[in-house]
Structure formats: C-alpha cells, structure tokens
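Peer 1: Protein chains in written order, with this note's numbering: chain R, 1 to 284; chain F, 285 to 397.
Calculated from the structure, these hints are not laboratory results. Heads up, some of the hints might be wrong.
[Said to hold, decoys possible] Below 25 Å or equal to it, Euclidean Cα-Cα: the simulated DMTMM-like pairs (lysine to aspartate or glutamate) are:
{"#": "1", "chain 1": "F", "residue 1": "Lys342", "chain 2": "F", "residue 2": "Asp324"}
{"#": "2", "chain 1": "F", "residue 1": "Lys330", "chain 2": "R", "residue 2": "Glu118"}
{"#": "3", "chain 1": "R", "residue 1": "Lys183", "chain 2": "F", "residue 2": "Glu381"}
{"#": "4", "chain 1": "F", "residue 1": "Lys325", "chain 2": "R", "residue 2": "Glu174"}
{"#": "5", "chain 1": "F", "residue 1": "Lys340", "chain 2": "R", "residue 2": "Glu174"}
{"#": "6", "chain 1": "F", "residue 1": "Lys327", "chain 2": "R", "residue 2": "Glu174"}
{"#": "7", "chain 1": "F", "residue 1": "Lys391", "chain 2": "R", "residue 2": "Glu260"}
{"#": "8", "chain 1": "R", "residue 1": "Lys247", "chain 2": "F", "residue 2": "Asp348"}
{"#": "9", "chain 1": "R", "residue 1": "Lys255", "chain 2": "F", "residue 2": "Asp324"}
{"#": "10", "chain 1": "R", "residue 1": "Lys247", "chain 2": "F", "residue 2": "Glu381"}
{"#": "11", "chain 1": "F", "residue 1": "Lys391", "chain 2": "R", "residue 2": "Asp166"}
{"#": "12", "chain 1": "R", "residue 1": "Lys259", "chain 2": "F", "residue 2": "Glu385"}
{"#": "13", "chain 1": "F", "residue 1": "Lys325", "chain 2": "R", "residue 2": "Asp166"}
{"#": "14", "chain 1": "F", "residue 1": "Lys391", "chain 2": "R", "residue 2": "Asp193"}
{"#": "15", "chain 1": "F", "residue 1": "Lys345", "chain 2": "R", "residue 2": "Asp166"}
{"#": "16", "chain 1": "F", "residue 1": "Lys330", "chain 2": "R", "residue 2": "Asp175"}
{"#": "17", "chain 1": "R", "residue 1": "Lys36", "chain 2": "R", "residue 2": "Asp46"}
{"#": "18", "chain 1": "F", "residue 1": "Lys330", "chain 2": "R", "residue 2": "Glu260"}
{"#": "19", "chain 1": "F", "residue 1": "Lys330", "chain 2": "F", "residue 2": "Asp348"}
{"#": "20", "chain 1": "F", "residue 1": "Lys391", "chain 2": "F", "residue 2": "Asp324"}
{"#": "21", "chain 1": "F", "residue 1": "Lys342", "chain 2": "R", "residue 2": "Asp229"}
{"#": "22", "chain 1": "F", "residue 1": "Lys330", "chain 2": "R", "residue 2": "Asp168"}
{"#": "23", "chain 1": "F", "residue 1": "Lys340", "chain 2": "R", "residue 2": "Asp168"}
{"#": "24", "chain 1": "F", "residue 1": "Lys342", "chain 2": "R", "residue 2": "Glu260"}
{"#": "25", "chain 1": "R", "residue 1": "Lys255", "chain 2": "F", "residue 2": "Glu385"}
{"#": "26", "chain 1": "F", "residue 1": "Lys391", "chain 2": "R", "residue 2": "Asp229"}
{"#": "27", "chain 1": "F", "residue 1": "Lys340", "chain 2": "R", "residue 2": "Glu284"}
Fair warning: this is a prediction, and the values are worked out from it, not measured in the lab.
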Amino acid sequence: MKKIVITALTACLAMGASAVYASQADDIQSVRSYFKKKFPKVPFDDYAIGAYSLNADKRINWEGIREFPPFEDQVAHGEELWNKKFANGNSFATCFGDDVSQVRNRFPHWNARDKKVETLEGNIIQCQQANGEKPFKLKKGDIAHLSAYIASQANGQTINVVVPDDPDAQAAYEDGKHHFYAKRGQLNFSCADCHVYNSGMNARGNLLSPVMGHTTHFPVWRGSWARKDKKGDGFGTLHRRYGGCNKQVRAKPFKAQGKEYSNLEFFHASMSNGMKIEAPDYRE
Amino acid sequence: MKKMTLIVTLLAAMMATSGLAVADEAAYKKLHAEAVAALDKAKSVKGEWRDSRWKKSKAVKCGDKKMSHLHAAECFAKEGDYKKAMKHAGIAKFQGEMGYEQAMGQKTAGPRH
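Based on the provided sequences and hints, a complete structural model is requested.
Peer 2: What follows is the structure, given as structure tokens:
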C-alpha cells in the first residue's frame, strides 16, 4: 500500500512538474526550431550577438567598436557603486552577496513569497530602499552602470530562467508571453512581428534582431541613446528598451520595473536559456 | 436710422457668435468626456496608444509645446479654438476605441510558428 501511495504521489508530482515546465520548454524548442529553419547557417551561439549574427558588414562594424568599447568608464563607475558603502554601513553586497559574479545569472526569477517576478534592476532599487538610500532612476544612468558592472562579472555563465511549479509563476510567464505576441499600438505590431517573423529584415536602416539571445547582453550601450544624452551616455536597461520598442509602434509604454515589463522579461529571458551572458554590449 | 440699423446688426451678430461659441464649447466638452471614457476603457485592457493622452507624447503642437491629442484638445479649447479642440478630442476618442478593440482582439494572441 505504502509503495502504491508513494508511486501515485511521485507520478502526480512528475505530472505537475512537467505540466508547469512544458510550456516554457515547448516555447524554447519552438523558437529554436523556427530560427534554425529561417537562418540555417547561423550557429546557435551566434544568436547571443543579436542582429550582428545575420549580417557580415554590420558584424565587422560591431567587432571594430568592441575593440575600444565606448562604455568602459561607465562600467568602472558601476564597480564604484557596487563597492560604495551606504549611509548605514551596508552596501549592495549586503543584499546580493559578496560574490558579484553570482548575481546576474539569478535574474529574472520568481519570488514565491511576494508572488512576482524579480529582476536585477528591480532588486537594486529594493536594496536601496531597504537601506534608506535614495533609489536610482529606473532606466538609465547609475542603475544601468551598476547593472552593467554586475553583468560583466557574470560573462560566460549560462542563462537559465526557471519557471517553478507554481500556478502564479506560470501565469506571470504566460502574461509575458502574451505581451510578446500581442499586437499593440497605432502601428499594430507585436514584439514577435519584428523579432521573430521579420527578424533579419530591415526597418529603415536597422536590421531586426532575433529574439533568441536578446537578453544575453543587457544592459546595452546604444549609439542612438548616446546621441540623445547630454553627456553621451548611451547605457540603458532592458526595460528602457522595452519602452522604446512600445513607443516605436506607437503604444503607450508601461512603467519600467512594473509588472508588465517584469513578466515580459521572465518570458523574454527564457528564450535565451542555454546561451552565454556577454554583457554589456554595444548596439546601434 | 442708419446708425440704429448698424448697432442692431452688430448686436445681433455678437449675440449669434457668442451663442455659437457656447454651442461649440458644449459640444467640445461632450466629446472630451467621451474621449476620456474611451481612453479609460482602453487603459483597462492595457490597450492605450502612445499619442492619445500620454504625457510625453509629442504628436501635436499647441502654442510652443508638443503634446498628445487629448492634451492638445484641452490646449486649443483654452485658446478658444474649438474647431481644433474638437478635431483632437475626436482623434483621442477614436484612438481609445481602436486601442480597446485591438486589445480585445489580441486576447488570445500567441506564437504562429
């Protein structure tokens, strides 16, 4: 009898677990198969460099820029922020742990207690608030510098976003997935329209990148952002980019680090599972 | 007699114009309220568009500032230009309705690959 109960329980658990993970695993598999068919000559690891994996000329340009990255000073500033003590004597290491190389690869993840997706930048803000510090702005500047430094220390590690056996976590993942595939804005475009179905095509002078590998290199330093910034600082977080994409299709952007973009990041980062972190990076 | 006729004509013209302005203002206020309601409905399904009433939109110029259609409608109404105010309130209302319809139509959106 005991054996039967144990077997039944194990079977239930296994079924439950596979039901939770199936959607994520299927989505990853489906996206990979799609791109394998669409760009048969592009090796899997190359997707980590985004659109530059699809165009030789642009890749040469990008490689040239990476020889003298325009963002090194800001990453160094991020390191200073990491090492700086708060007024109460604590630091970011108090919140994230002393080993900075083990921070980036933990995000995004599901917080079962608070029933929400946690992102690296969201937790940076949370850490500051918990220690009585004035929080950074959410999309650029210090938050992107610190995030870039933290990410740079995790280079070479593999992205592995886990959707746990929790209906709320799965709902958050599905919400992010829906955001990715739903058309929005006056131009009636979804994220997938550009970054799945039309990846490799041009939108004006820009080559549309494939969704696979998007999150491996964030935060990014973009030439277009640097041109807008008075100090020429082109750094921005993933949520800044989400807002920019939404604005480009003429949809009202959502709040950075809000539920919508955090759930989107949960799904979006999953599509890069198995790929190596290589951050920060340059983008046009 | 001539003077009298002129005064009466002028008075009549002024009254007619102010009557029209009042009618314009009332029509604008009604349309503005409808636009706000349409945009609230779109917001409830996360379907608002960028240029309808987002504070940072730069779709329309009113005075020396650029703004969303709804804000432009309010700006033109303040200036007494109800023709333009009605035009932009109408666009905001239309965008609210379309945003709602779009979001509802995309409820079951998912991968097509």
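Peer 1: The structure should be examined with respect to each hint, and the outcome stated for every one.
Peer 2: Hint-by-hint comparison with the structure:
1. Pair hint F/Lys342 plus F/Asp324 holds up; C-alpha atoms about 20 Å apart against a cutoff of 25 Å.
2. The hinted pair formed by F/Lys330 and R/Glu118 meets the criterion: a straight-line CA distance of about 21 Å does not exceed 25 Å.
3. At most 25 Å may separate the alpha-carbon atoms for a hinted pair to count; R/Lys183 and F/Glu381 meet this at roughly 15 Å.
4. Taking the CA atoms of F/Lys325 and R/Glu174, the gap is near 23 Å; set against the 25 Å cutoff, the hint holds.
5. A hinted pair counts as satisfied when its Cα atoms are at most 25 Å apart, and F/Lys340 with R/Glu174 does not qualify at roughly 30 Å.
6. At roughly 20 Å between alpha-carbon atoms, F/Lys327 and R/Glu174 fall within 25 Å of each other, so this suggested pair holds.
7. Restraint check: the Cα-Cα separation between F/Lys391 and R/Glu260 comes to about 15 Å, which is no more than 25 Å; the hinted pair holds.
8. Proximity of R/Lys247 to F/Asp348 is assessed by CA-CA distance (about 23 Å); at most 25 Å being required, the pair is judged to hold.
9. The straight-line distance between the Cα atoms of R/Lys255 and F/Asp324 is roughly 17 Å, inside the 25 Å bound, and the hint therefore holds.
10. With a CA separation close to 19 Å, the supplied pair R/Lys247 and F/Glu381 stays within the 25 Å bound.
11. As the CA atoms of F/Lys391 and R/Asp166 are separated by approximately 23 Å, the hinted pair is consistent with the 25 Å bound.
12. Only pairs whose Cα atoms come within 25 Å are accepted, and R/Lys259 paired with F/Glu385 is accepted, the gap being roughly 23 Å.
13. A distance of roughly 31 Å separates the Cα atoms of F/Lys325 and R/Asp166; the hinted pair therefore is violated under the 25 Å criterion.
14. With a CA separation close to 16 Å, the supplied pair F/Lys391 and R/Asp193 stays within the 25 Å bound.
15. With a CA separation close to 49 Å, the supplied pair F/Lys345 and R/Asp166 exceeds the 25 Å bound.
16. With a C-alpha separation of about 12 Å, the suggested pairing of F/Lys330 with R/Asp175 holds against the 25 Å cut-off.
17. Restraint check for R/Lys36 and R/Asp46: the C-alpha separation of about 12 Å stays at or below 25 Å, so the hint holds.
18. For the suggested pair F/Lys330 and R/Glu260, the alpha carbons sit about 10 Å apart, so the restraint of at most 25 Å is met.
19. As the CA atoms of F/Lys330 and F/Asp348 are separated by approximately 31 Å, the hinted pair breaks the 25 Å bound.
20. Annotation: proposed proximity of F/Lys391 to F/Asp324 holds, straight-line Cα distance about 18 Å (limit 25 Å).
21. As the CA atoms of F/Lys342 and R/Asp229 are separated by approximately 18 Å, the hinted pair is consistent with the 25 Å bound.
22. With a C-alpha separation of about 20 Å, the suggested pair F/Lys330 and R/Asp168 falls inside the 25 Å cut-off, and the hint holds.
23. A threshold of 25 Å between alpha carbons decides the hint, and for F/Lys340 with R/Asp168 the separation of about 33 Å lies outside it, so the pair is violated.
24. As the CA atoms of F/Lys342 and R/Glu260 are separated by approximately 24 Å, the hinted pair is consistent with the 25 Å bound.
25. With a C-alpha separation of about 22 Å, the suggested pair R/Lys255 and F/Glu385 falls inside the 25 Å cut-off, and the hint holds.
26. Note on F/Lys391 and R/Asp229: the hinted pairing is violated, with a Cα-Cα distance of about 37 Å set against a maximum of 25 Å.
27. Our distance criterion of 25 Å between C-alpha atoms is met by F/Lys340 and R/Glu284, whose separation comes to about 24 Å.
Of the numbered hints listed earlier, those contradicted by the structure are 5, 13, 15, 19, 23 and 26.
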